[in-house]
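There are 2 protein chains.
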Amino acid sequence: MKMNTTPVNNGVNVEALLGARQALTDAPEAAQFKWRATCSWVHGTHSRSSVEKFYGLGAEQSHKTAFQFDADHPAIFASEDNGATPVEYVLVGLASCLTAGIAAVAQNRKIQLRSVTATLEAGMDLAGILGIDSEVRNGFDGIKVIYNIDADATREEINALVAQSQRRSAVFDIVTNPTNVHVEVR
Amino acid sequence: MKMNTTPVNNGVNVEALLGARQALTDAPEAAQFKWRATCSWVHGTHSRSSVEKFYGLGAEQSHKTAFQFDADHPAIFASEDNGATPVEYVLVGLASCLTAGIAAVAQNRKIQLRSVTATLEAGMDLAGILGIDSEVRNGFDGIKVIYNIDADATREEINALVAQSQRRSAVFDIVTNPTNVHVEVR
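Chains U and D, in that order, give the protein sequences. For the numbering used here, count along the first sequence from 1 and bump the result up by 73. For the numbering used here, count along the second sequence from 1 and bump the result up by 73.
Treat the hints loosely; a few may be bogus.
It does not matter which identical chain is meant; a pair holds if it fits inside one copy or across any two.
Under the rule of at most 25 Å between Cα atoms (straight-line distance), these lysine-lysine pairs were calculated in the DSS-like manner [stated by the list, open to error]:
id	residue 1	residue 2
1	K217	K183
2	K107	K137
3	K217	K126
4	K126	K107
5	K217	K107
6	K183	K126
7	K183	K137
8	K107	K183
9	K126	K137
Since the hints were made in silico from the structure, they are not lab data. Treat the numbers as computed from the prediction; the structure is a model and nothing was measured.
Turn these sequences into a full structure, and let the hints guide you.
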């Protein structure tokens, strides 16, 4: 009988995550994070946002570099299409959050992933943001996420991976549940 | 008496937007949009998302180029920090949506903007996503957005701009109200 002895490696350091869970259980104040972004208006509907610093583990933290993101409206809205639309950034956040979760859960369950791709589609009735119909919401009327996953696992195990990723996803929670947003001018 | 005759120009084509509102009022099916993103897992918590095609005005549409976005977890989570975190993408979406709205509303109200910057901060207790405490949500416990706006307008007019932008913002709605997300594996 030949055993497969290649260790599962999805590139996620699960030992470190489990260690962090224990450490933050013992020191709950270190689990209080603050995520930040800044945004500067450029011209028309074009803006440039930057993400670099955040707070966590009781101290100021920084990404290894500042990440910059141009956002704009597309040409069919009489804009210059200098970047993805704001709503598409939300889809990127949701897709990347669920996908990172799938990799982490797979590692923890010793499932080798070969490929994971997601296709997202979100409906939106522009009668909302254009103020045509006050009964129509401004945001998405729903989001559909379809995963294609190639892994050393049964179909049932793969479904369970995706389900667990949703249960632990920050962005899935942000999109599916209300979050208070306070906006002020200084 | 000297009149200021320089036309207000924030780079937003309000006439086109008002035309679109009328056109979409007359043809509501053209207002049905579908926004899309695809996401491919790279390694560990690193993924790459792409935004290019969308549907609207009754036809398939495309940005002038495909926009690509790397997402990852930072080094303090034992990841490689190859991109912004998924939750930071949500902040970019919110910031850029509100900022584009401010520019559009200002143009419509004939207010010349000189500069608009936003600073966003969102709290998050990692006890949620790490599964330490089931009472703690996975997402943000709230988001604070602070605007600094230099414009040819009174403080009251500037506050009203920001308030109107919130009322018409797709991402503000997505974050503050629940959206149904359907996830499936194919």
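- Within, between, both or neither: K217, K126 at alpha-carbon 25 Å: between (32 Å within a copy, 15 Å between copies)
- Task: Measure nothing new, just compare the shortest in-copy and cross-copy C-alpha distances for K126 and K137 to 25 Å and report within, between, both or neither.
- Result: The answer is within: 9 Å in one copy meets 25 Å, while 31 Å across copies does not.
- Message: Reference check for the pair K183 and K126, CA-CA at most 25 Å: within, between, both, or neither?
- Response: neither (33 Å within a copy, 36 Å between copies)
- Within a copy, between copies, both or neither: where do K183 and K137 come within 25 Å Cα-Cα? Answer is neither; intra-copy 30 Å and inter-copy 42 Å both fail.
- Can you give me the call for K107 and K183, within, between, both or neither, at a CA distance of at most 25 Å? Answer is neither: 31 Å inside a copy and 37 Å across each miss the 25 Å cutoff.
- Query: Given identical chains, is K107 near K137, meaning Cα to Cα at most 25 Å, within a copy, between copies, both, or neither?
  - Reply: Cα proximity of K107 and K137: one copy only (17 Å, versus 35 Å across).
- Alpha-carbon proximity between K126 and K107, which holds within one copy, between copies, both or neither at 25 Å: Within. Shortest intra-copy distance 9 Å satisfies the 25 Å Cα cut-off; inter-copy 33 Å does not.
- Alpha-carbon proximity between K217 and K183, which holds within one copy, between copies, both or neither at 25 Å: neither (28 Å within a copy, 39 Å between copies)
- Message: My question is about K217 and K107: at a cut-off of 25 Å on alpha-carbon distance, are they close within one copy, between copies, both, or neither?
- Response: Answer is between; shortest inter-copy Cα gap is 11 Å, intra-copy 29 Å.
Of the numbered hints listed earlier, those contradicted by the structure are 1, 6, 7, 8.
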